[in-house]
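Protein chains: 2
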Amino acid sequence: MDYALIMAGGSGTRLWPLSRQNTPKQALRLVGERSMFQHAVDRLAPDFPAERIFVVTRGEHAALLQQQAPELPVENFIVEPEGRGTAPAIGLAAIHLLRRDPQAVMVVLTADHFISETERFRRAVSAAFQVARQGQLVTLGIQPASPSTGFGYIHQGQPLGEMGGFAVFAVERFVEKPALEAARQMVASGEYSWNSGMFIWQVQRILDEFQRQMPAFYAQLCMVAETLGTPAYHNVLERVWPQVVKQTIDYGIMEGAGDVAVLPVEIGWSDVGSWESLFDLLPVDAQGNAVAGEFLGIDTHNTLVFGGSRLVATIGVEGLVIVDTGDALLVCPRAREQEVRELVGRLKESGKGQWL
Amino acid sequence: MDYALIMAGGSGTRLWPLSRQNTPKQALRLVGERSMFQHAVDRLAPDFPAERIFVVTRGEHAALLQQQAPELPVENFIVEPEGRGTAPAIGLAAIHLLRRDPQAVMVVLTADHFISETERFRRAVSAAFQVARQGQLVTLGIQPASPSTGFGYIHQGQPLGEMGGFAVFAVERFVEKPALEAARQMVASGEYSWNSGMFIWQVQRILDEFQRQMPAFYAQLCMVAETLGTPAYHNVLERVWPQVVKQTIDYGIMEGAGDVAVLPVEIGWSDVGSWESLFDLLPVDAQGNAVAGEFLGIDTHNTLVFGGSRLVATIGVEGLVIVDTGDALLVCPRAREQEVRELVGRLKESGKGQWL
Numbered sequence: 001m002d003y004a005l006i007m008a009g010g011s012g013t014r015l016w017p018l019s020r021q022n023t024p025k026q027a028l029r030l031v032g033e034r035s036m037f038q039h040a041v042d043r044l045a046p047d048f049p050a051e052r053i054f055v056v057t058r059g060e061h062a063a064l065l066q067q068q069a070p071e072l073p074v075e076n077f078i079v080e081p082e083g084r085g086t087a088p089a090i091g092l093a094a095i096h097l098l099r100r101d102p103q104a105v106m107v108v109l110t111a112d113h114f115i116s117e118t119e120r121f122r123r124a125v126s127a128a129f130q131v132a133r134q135g136q137l138v139t140l141g142i143q144p145a146s147p148s149t150g151f152g153y154i155h156q157g158q159p160l161g162e163m164g165g166f167a168v169f170a171v172e173r174f175v176e177k178p179a180l181e182a183a184r185q186m187v188a189s190g191e192y193s194w195n196s197g198m199f200i201w202q203v204q205r206i207l208d209e210f211q212r213q214m215p216a217f218y219a220q221l222c223m224v225a226e227t228l229g230t231p232a233y234h235n236v237l238e239r240v241w242p243q244v245v246k247q248t249i250d251y252g253i254m255e256g257a258g259d260v261a262v263l264p265v266e267i268g269w270s271d272v273g274s275w276e277s278l279f280d281l282l283p284v285d286a287q288g289n290a291v292a293g294e295f296l297g298i299d300t301h302n303t304l305v306f307g308g309s310r311l312v313a314t315i316g317v318e319g320l321v322i323v324d325t326g327d328a329l330l331v332c333p334r335a336r337e338q339e340v341r342e343l344v345g346r347l348k349e350s351g352k353g354q355w356l
Numbered sequence: 001m002d003y004a005l006i007m008a009g010g011s012g013t014r015l016w017p018l019s020r021q022n023t024p025k026q027a028l029r030l031v032g033e034r035s036m037f038q039h040a041v042d043r044l045a046p047d048f049p050a051e052r053i054f055v056v057t058r059g060e061h062a063a064l065l066q067q068q069a070p071e072l073p074v075e076n077f078i079v080e081p082e083g084r085g086t087a088p089a090i091g092l093a094a095i096h097l098l099r100r101d102p103q104a105v106m107v108v109l110t111a112d113h114f115i116s117e118t119e120r121f122r123r124a125v126s127a128a129f130q131v132a133r134q135g136q137l138v139t140l141g142i143q144p145a146s147p148s149t150g151f152g153y154i155h156q157g158q159p160l161g162e163m164g165g166f167a168v169f170a171v172e173r174f175v176e177k178p179a180l181e182a183a184r185q186m187v188a189s190g191e192y193s194w195n196s197g198m199f200i201w202q203v204q205r206i207l208d209e210f211q212r213q214m215p216a217f218y219a220q221l222c223m224v225a226e227t228l229g230t231p232a233y234h235n236v237l238e239r240v241w242p243q244v245v246k247q248t249i250d251y252g253i254m255e256g257a258g259d260v261a262v263l264p265v266e267i268g269w270s271d272v273g274s275w276e277s278l279f280d281l282l283p284v285d286a287q288g289n290a291v292a293g294e295f296l297g298i299d300t301h302n303t304l305v306f307g308g309s310r311l312v313a314t315i316g317v318e319g320l321v322i323v324d325t326g327d328a329l330l331v332c333p334r335a336r337e338q339e340v341r342e343l344v345g346r347l348k349e350s351g352k353g354q355w356l
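Chains A and B supply the protein sequences, listed in that same order. Start counting the first sequence at 1; every next residue gets the next number (our numbering). Start counting the second sequence at 1; every next residue gets the next number (our numbering).
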């Protein structure tokens, strides 16, 4: 059977002050009334019954996400004692799914990206499942919209044919986040797509890769797997997990795997990694301002105003990020928003941990 | 007997979003826990019993000011149906005081200026009362700290001697708000002081000036005076006041009066007309930031952060005004804060009257 796994373990420091320790990025209502996590569930609902939609997240966020998706069975929330990266999160989910269904095929999805072309996304996932059933590890590659240095890239190799209207390629190589010039060359070549972090594979197949490429972790995973469905599960997981190596699925598995295929897709995919990305998601007015909430600007241009019911008023402002939440406010130039992470780091040092 | 009148009728549009229709400038807690109006009352308390401290204000602000100064008798709040400028406000207060005490001498004070040197202020007022009892119209002139174009100036003429340690001069001339070059010349000459709007005179003496220089208004004032202490007072005042000419005491009376004296004083006086002036009143840190409330700044300089319990966090900000109130936020460069008034004007047009 086909299963979906939503990875919802991130924190999203760069979206402070909206994202917080207790309100991670995927739980935020950035656009409209539904959170990014809820959008991720909504996208799956037409094709997957709730019983086959799983979520992997961290303990501190599980309750909030369960509230946001009450239609999902509580037991489908797989809770990590602490985040160890995407490889362990996927491994943990895989042993749960394998126990449920030895023939399981799964799609791994993220909860912190936007996808505007839902129909096309569904068709791509459906096609990828068909490729995965043939034994491939499949990834969805995003047609690059710009030479971004914020994503990894996938180099398409030999064409493997067509599936459900999508071209399928063998993956030549995974490329880590590149420098700008390298990114430009890759985009210009037409042979690369962005690594979206969306994967489709047989559960047994990915566990075999864990056994081959991350044997120490696989052994730890087996200790946990033996306790599945028993009262010992939580204790063993709590004991094992802090010893698990931190690793991404890309670096830990995909770069060294054989039989990896990519479907380059155009599905209106947006990373929502930082405030800058909101310019792609919010309506932008004639002055170049992206606005959510009550706003009155005089001579204000190219500015993000992310507020709510409070009024944000500006005069003579150019290229700022202004984010207004219930208990904290951020003002910084767009060009420096990458320093938000540093700012969050400073909060604790300066006795302002309540705003973390 | 000596009486004090606090003029508390202003609105303070330029301190939006803190100042509002229902919360005028003088009622704001800009520095510390007491409002500017409360500071004005506090300064008088050692020298004036509450029964001899009067307040003139507008109907919409009377209740708030009464709450802020419950120690003052309610009947000492003289309420104008609408603001008509300082001349009518003072005239109205004068007829109240004259009825109470035909020998009354009064000091007219503002509620929207800060005075840091309270002791020196009290000695100056005391000295001015002595000069006023000799029949002069007395004003306190502020030693100019800069060639400000935001104040009127007073040209000192013939020295009239000394009183209580303060030099007394005949006033040669009142000068309206000057251009910058004229202001520079006046400050350089050493013969000018700022017009602070603080006056001391016998009540009968100022009413005589109203009769001579503003006879139409004086006639209206007499109609009101006849009803003092009767049930007709409010109706007559409500009927007369909208017909009263709008006029300032400076232009309507002082510029044309004889026997006007000035005491130049140094009392740590600050106008609090705009956000810029807060740089003089708040502690300024090593980066040149004037901060009230919770703040975390990275590479932030020469910026006013006026908030409260919410955290204001900034990165890479230079020379901004950031004012954070319960329901509205202002962000603008210091150099453009004079446009706050325009912004307030826009609120109504753009359907945001709730933030006025």
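No lab work stands behind these hints: they were computed from the structure. Any given hint might turn out to be false.
Just so you have them, the derived chain B footprint on chain A, three or more residues with Cβ under 8 Å [as the list claims (entries may be wrong)]:
no.	region
1	120-129
2	284-298
3	321-328
4	337-343
5	348-355
Cβ-Cβ distance ranges computed for the label pairs, FRET-style [to be verified]:
no.	chain 1	residue 1	chain 2	residue 2	range
6	B	335	A	338	56 to 66 Å
7	A	21	B	22	33 to 43 Å
8	B	33	A	235	47 to 57 Å
9	B	335	A	50	52 to 62 Å
10	B	301	A	338	14 to 24 Å
11	A	348	B	191	56 to 66 Å
12	A	326	B	222	54 to 64 Å
13	A	29	B	45	47 to 57 Å
14	A	326	B	73	20 to 30 Å
15	B	208	A	318	49 to 59 Å
16	A	326	B	145	34 to 44 Å
17	B	251	A	342	49 to 59 Å
18	B	288	A	29	36 to 46 Å
Ideal Cβ positions, reconstructed from N, Cα and C, are used throughout, including at glycine.
Hint by hint, here is what the structure shows:
{"no.": "1", "hint": "120-129", "verdict": "violated (count 0)"}
{"no.": "2", "hint": "284-298", "verdict": "holds (count 3)"}
{"no.": "3", "hint": "321-328", "verdict": "holds (count 5)"}
{"no.": "4", "hint": "337-343", "verdict": "holds (count 5)"}
{"no.": "5", "hint": "348-355", "verdict": "holds (count 3)"}
{"no.": "6", "hint": "B/335 to A/338: 56 to 66 Å", "verdict": "violated (28 Å)"}
{"no.": "7", "hint": "A/21 to B/22: 33 to 43 Å", "verdict": "holds (38 Å)"}
{"no.": "8", "hint": "B/33 to A/235: 47 to 57 Å", "verdict": "holds (54 Å)"}
{"no.": "9", "hint": "B/335 to A/50: 52 to 62 Å", "verdict": "holds (57 Å)"}
{"no.": "10", "hint": "B/301 to A/338: 14 to 24 Å", "verdict": "holds (20 Å)"}
{"no.": "11", "hint": "A/348 to B/191: 56 to 66 Å", "verdict": "holds (58 Å)"}
{"no.": "12", "hint": "A/326 to B/222: 54 to 64 Å", "verdict": "holds (56 Å)"}
{"no.": "13", "hint": "A/29 to B/45: 47 to 57 Å", "verdict": "holds (52 Å)"}
{"no.": "14", "hint": "A/326 to B/73: 20 to 30 Å", "verdict": "violated (42 Å)"}
{"no.": "15", "hint": "B/208 to A/318: 49 to 59 Å", "verdict": "holds (57 Å)"}
{"no.": "16", "hint": "A/326 to B/145: 34 to 44 Å", "verdict": "holds (41 Å)"}
{"no.": "17", "hint": "B/251 to A/342: 49 to 59 Å", "verdict": "holds (55 Å)"}
{"no.": "18", "hint": "B/288 to A/29: 36 to 46 Å", "verdict": "holds (37 Å)"}
The structure shown violates the earlier hints numbered 1, 6, 14.
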